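Asks: Below, each chain spelled out in residue letters.
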Amino acid sequence: MNVPEWWYLVLSAVLFSLGALGLLIRRNPLVMFMCVELMLNAVNLTFVTFSRSLNDIGGQVVVFFVLVVAAAEVTVGLGIIVSILRRKPGTTADDLSLLKG
Amino acid sequence: MSDFLQAYLTVAVFGGTAGLLIAGVLGLGRLIRPSRPNPDKLTTYESGVDPVGSGFSQSQVRYYIFALLFVLFDVEAVFIFPWAVGLETYSYFGLVEMGIFVFILVLGLVYAWRKGVLRWV
Amino acid sequence: MTAALLFAQVEKVATPKLDWAATAPLLILCGAALLLLLISSLTTSRPARGTYAVITVLASAFAIGTAGVLWARVTDAERGAFTTAAGALTVDGFSVFFIVVISLGIALSALLADDYLRRENLDGPELYVLMLLSGAGGIVMAMANDLIVVFLGLETLSIALYVMAGFNRRRAESRESAMKYFVLGAFSSAFLLYGIAFIYGATGSTNLGDIAGFLNANTLEHTGLLLGGFALLLVGFGFKASAVPFHVWTPDVYQGAPTPVTAFMASASKAAAFAALLRVFVSTFAEYRLDWQPLIWGIAVLTLVVGSVLAIVQTDVKRMMAYSSISHAGFILVGVQAATAQGVSAALFYVLSYTFMIVGTFGVATLVSGKGDEHHGLEAYRGLSRRRPGLALTFTVFLLAQAGVPLTSGFLAKFYVIGAAVDAHSYALALIAMLSSVVSAFLYLRIVVAMYMTDEEGAEPGPRVRVPLGAGVALGLAVAFTVVVGILPQQVVHWADRAIPVVLASGR
Numbered sequence: 001m002n003v004p005e006w007w008y009l010v011l012s013a014v015l016f017s018l019g020a021l022g023l024l025i026r027r028n029p030l031v032m033f034m035c036v037e038l039m040l041n042a043v044n045l046t047f048v049t050f051s052r053s054l055n056d057i058g059g060q061v062v063v064f065f066v067l068v069v070a071a072a073e074v075t076v077g078l079g080i081i082v083s084i085l086r087r088k089p090g091t092t093a094d095d096l097s098l099l100k101g
Numbered sequence: 001m002s003d004f005l006q007a008y009l010t011v012a013v014f015g016g017t018a019g020l021l022i023a024g025v026l027g028l029g030r031l032i033r034p035s036r037p038n039p040d041k042l043t044t045y046e047s048g049v050d051p052v053g054s055g056f057s058q059s060q061v062r063y064y065i066f067a068l069l070f071v072l073f074d075v076e077a078v079f080i081f082p083w084a085v086g087l088e089t090y091s092y093f094g095l096v097e098m099g100i101f102v103f104i105l106v107l108g109l110v111y112a113w114r115k116g117v118l119r120w121v
Numbered sequence: 001m002t003a004a005l006l007f008a009q010v011e012k013v014a015t016p017k018l019d020w021a022a023t024a025p026l027l028i029l030c031g032a033a034l035l036l037l038l039i040s041s042l043t044t045s046r047p048a049r050g051t052y053a054v055i056t057v058l059a060s061a062f063a064i065g066t067a068g069v070l071w072a073r074v075t076d077a078e079r080g081a082f083t084t085a086a087g088a089l090t091v092d093g094f095s096v097f098f099i100v101v102i103s104l105g106i107a108l109s110a111l112l113a114d115d116y117l118r119r120e121n122l123d124g125p126e127l128y129v130l131m132l133l134s135g136a137g138g139i140v141m142a143m144a145n146d147l148i149v150v151f152l153g154l155e156t157l158s159i160a161l162y163v164m165a166g167f168n169r170r171r172a173e174s175r176e177s178a179m180k181y182f183v184l185g186a187f188s189s190a191f192l193l194y195g196i197a198f199i200y201g202a203t204g205s206t207n208l209g210d211i212a213g214f215l216n217a218n219t220l221e222h223t224g225l226l227l228g229g230f231a232l233l234l235v236g237f238g239f240k241a242s243a244v245p246f247h248v249w250t251p252d253v254y255q256g257a258p259t260p261v262t263a264f265m266a267s268a269s270k271a272a273a274f275a276a277l278l279r280v281f282v283s284t285f286a287e288y289r290l291d292w293q294p295l296i297w298g299i300a301v302l303t304l305v306v307g308s309v310l311a312i313v314q315t316d317v318k319r320m321m322a323y324s325s326i327s328h329a330g331f332i333l334v335g336v337q338a339a340t341a342q343g344v345s346a347a348l349f350y351v352l353s354y355t356f357m358i359v360g361t362f363g364v365a366t367l368v369s370g371k372g373d374e375h376h377g378l379e380a381y382r383g384l385s386r387r388r389p390g391l392a393l394t395f396t397v398f399l400l401a402q403a404g405v406p407l408t409s410g411f412l413a414k415f416y417v418i419g420a421a422v423d424a425h426s427y428a429l430a431l432i433a434m435l436s437s438v439v440s441a442f443l444y445l446r447i448v449v450a451m452y453m454t455d456e457e458g459a460e461p462g463p464r465v466r467v468p469l470g471a472g473v474a475l476g477l478a479v480a481f482t483v484v485v486g487i488l489p490q491q492v493v494h495w496a497d498r499a500i501p502v503v504l505a506s507g508r
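Protein chains in written order, with my numbering: chain X, 1 to 101; chain B, 1 to 121; chain Z, 1 to 508.
No lab work stands behind these hints, which were simulated from the structure alone.
As a list, the in silico EDC-like pairs of lysine to aspartate or glutamate whose alpha-carbon atoms are at most 16 angstroms apart:
1) B:K115 to Z:E126
2) Z:K17 to B:E97
3) B:K115 to Z:D123
4) Z:K371 to Z:E120
The structure displayed is predicted, hence computed values, not measured ones.
Starting from the given sequences, assemble the full structure and let the hints guide the process.
Replies: Dropping the structure here:
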């Protein structure tokens with residue numbers, strides 16, 4: 001059975017929205033990172049789907065770049081989190097409130 | 001109603017039935033079950049040793065550092081695999097290019113090493 | 001079997017042609033970053049003071065020099081603009097213009113950072129490495145002829161900036177700003193990427209030349225995907241350019257980040273965001289102008305109003321300047337919204353003048369803040385004219401330029417942008433821009449008044465302010481540019497006029 005393309009598009013839209021919602025709602029920095037990853041991978045799914053329907057390899061090449069960028073991003077993000085948690089274990093996003101006005 | 005939406009009617013009916021079934025069964029259970037609250041019922045292990053401390057334990061920060069380096073260098077393999085498969089078609093251009101790529105990565109590793117990140121403290 | 005024989009037997013793929021002269025600015029910046037990393041990894045003794053800053057400034061100067069050579073080539077009527085690296089990068093007047101702007105941002109911020117790092121006891125090559133790489137990412141964004149290259153440039157720019165924002169690890173504010181910037185930045189770049197995916201789905205390509213060609217040749221039956229892509233791309237670019245409603249990170253991050261980094265963020269990173277916005281929307285999606293212009297119109301109005309009104313209620317000077325930079329983004333958007341050659345040229349002029357103004361402003365803030373990067377309240381500026389008359393005068397020039405007082409580059413920048421909006425019949429927008437510039441003038445005057453009028457005689461004098469050589473040079477350059485261009489703008493206007501982005505089909 002051939003699954004129509006737009007199913008994948010809907011799935012990736014749902015995943016992307018879940019990631020976006022999670023980032024806005026969750027307060028644990030690590031879970032927020034996972035949400036970012038979810039968003040990026042949802043986009044990867046979109047790219048691969050379009051790549052298949054357009055019969056163009058370009059979209060799949062993009063996924064490679066996005067994967068690497070996502071890894072670099074998460075590495076830096078984890079580094080930042082580690083440097084925050086080192087001083088103050090158990091920090092959540094709500095504890096970051098020195099800067100406001 | 002188009003065929004397209006009609007196909008989805010099945011899904012909607014199915015979903016609705018599932019929702020009703022769950023609500024019905026749980027509601028029925030709530031109606032007929034006796035209610036005798038007891039603090040012991042809320043413990044993690046009703047018959048056993050009381051757990052001590054929190055269920056989450058924190059890993060040491062030093063594991064993170066290694067994990068970070070691993071993630072970073074591991075993902076670069078994404079570029080090296082296709083290159084290795086297609087090296088013959090890329091010829092010297094590919095060889096030199098990958099040489100530059102790996103050189104930059106090695107530079108990062110050397111930097112990390114010099115900063116003492118690789119030492120197990 | 002030797003490698004040569006092995007290679008000889010297989011059919012070769014066509015490897016992309018790289019124009020070395022065109023990529024030279026990028027290679028110089030990246031090469032300098034690697035060089036700094038190499039020096040710090042391999043040597044044990046500390047180099048002489050300021051070595052890293054000097055290398056950074058020299059690299060930027062070389063990048064500007066090679067850009068000058070390129071300028072002669074791309075503005076030559078016979079040769080003109082071209083693409084390189086298999087259609088991934090465009091080399092036109094626009095690219096060269098932004099190479100110069102971003103390299104200037106790097107050089108000026110590095111001059112500010114030199115003394116700052118020693119003062120805060122953070123001396124090392126890392127900040128310069130990150131600055132160079134981040135700047136290179138910004139240049140990639142400006143030159144990109146492919147949406148994916150835009151994304152890669154944006155990420156190179158941003159990832160380095162996340163680290164730079166948290167560079168002063170001992171200050172909780174700095175760590176916090178890095179975290180906030182990171183979370184919101186990652187959020188917005190995911191939106192940008194999703195937008196790219198939509199555009200790819202709608203047009204079948206990520207290459208800007210091919211997209212423009214496709215949109216010109218075909219009429220889309222369903223434009224939903226394309227318009228969704230526009231909106232998502234605007235979220236991504238709007239975030240980097242700190243346009244309302246994607247600005248929420250700006251005040252916090254600008255305040256928390258080390259001040260020279262804030263200068264870099266406000267100049268180079270914002271310039272790169274506008275470069276990508278101009279190239280992608282104004283030139284590539286020109287055919288669908290009527291669809292995206294209202295979006296930009298709304299964003300521009302919100303940005304102008306929020307930026308100038310919220311700036312007034314702040315008490316921290318860095319925060320005020322953050323809101324003022326938001327309102328400047330609104331002015332540049334007014335030029336973008338016009339979507340005419342005149343609008344683009346006005347936006348370019350604005351970006352260049354703004355770079356000098358804002359680096360100068362944050363440069364003064366770096367010096368006044370004193371050790372610990374702490375004194376950013378308005379009270380730190382009270383009576384500055386008596387303690388440091390030269391510095392107070394310099395700051396006054398930057399503030400007046402930001403307010404748009406005649407005889408400064410800031411006035412002309414605002415004038416050209418509003419003129420472009422009027423010529424494009426966006427009268428309402430032009431009016432709002434003028435009103436908001438009046439409102440924000442109050443903010444700048446408030447700081448000037450604090451510096452020059454000290455009512456209570458016995459007031460406790462603020463911390464001692466030292467002006468080191470590097471920062472002095474940066475401030476001097478910025479003042480000179482602001483005043484000279486404010487009086488004699490012809491040459492810069494001429495450059496901006498010739499730097500309109502060109503969309504070229506890929507070389508394939």
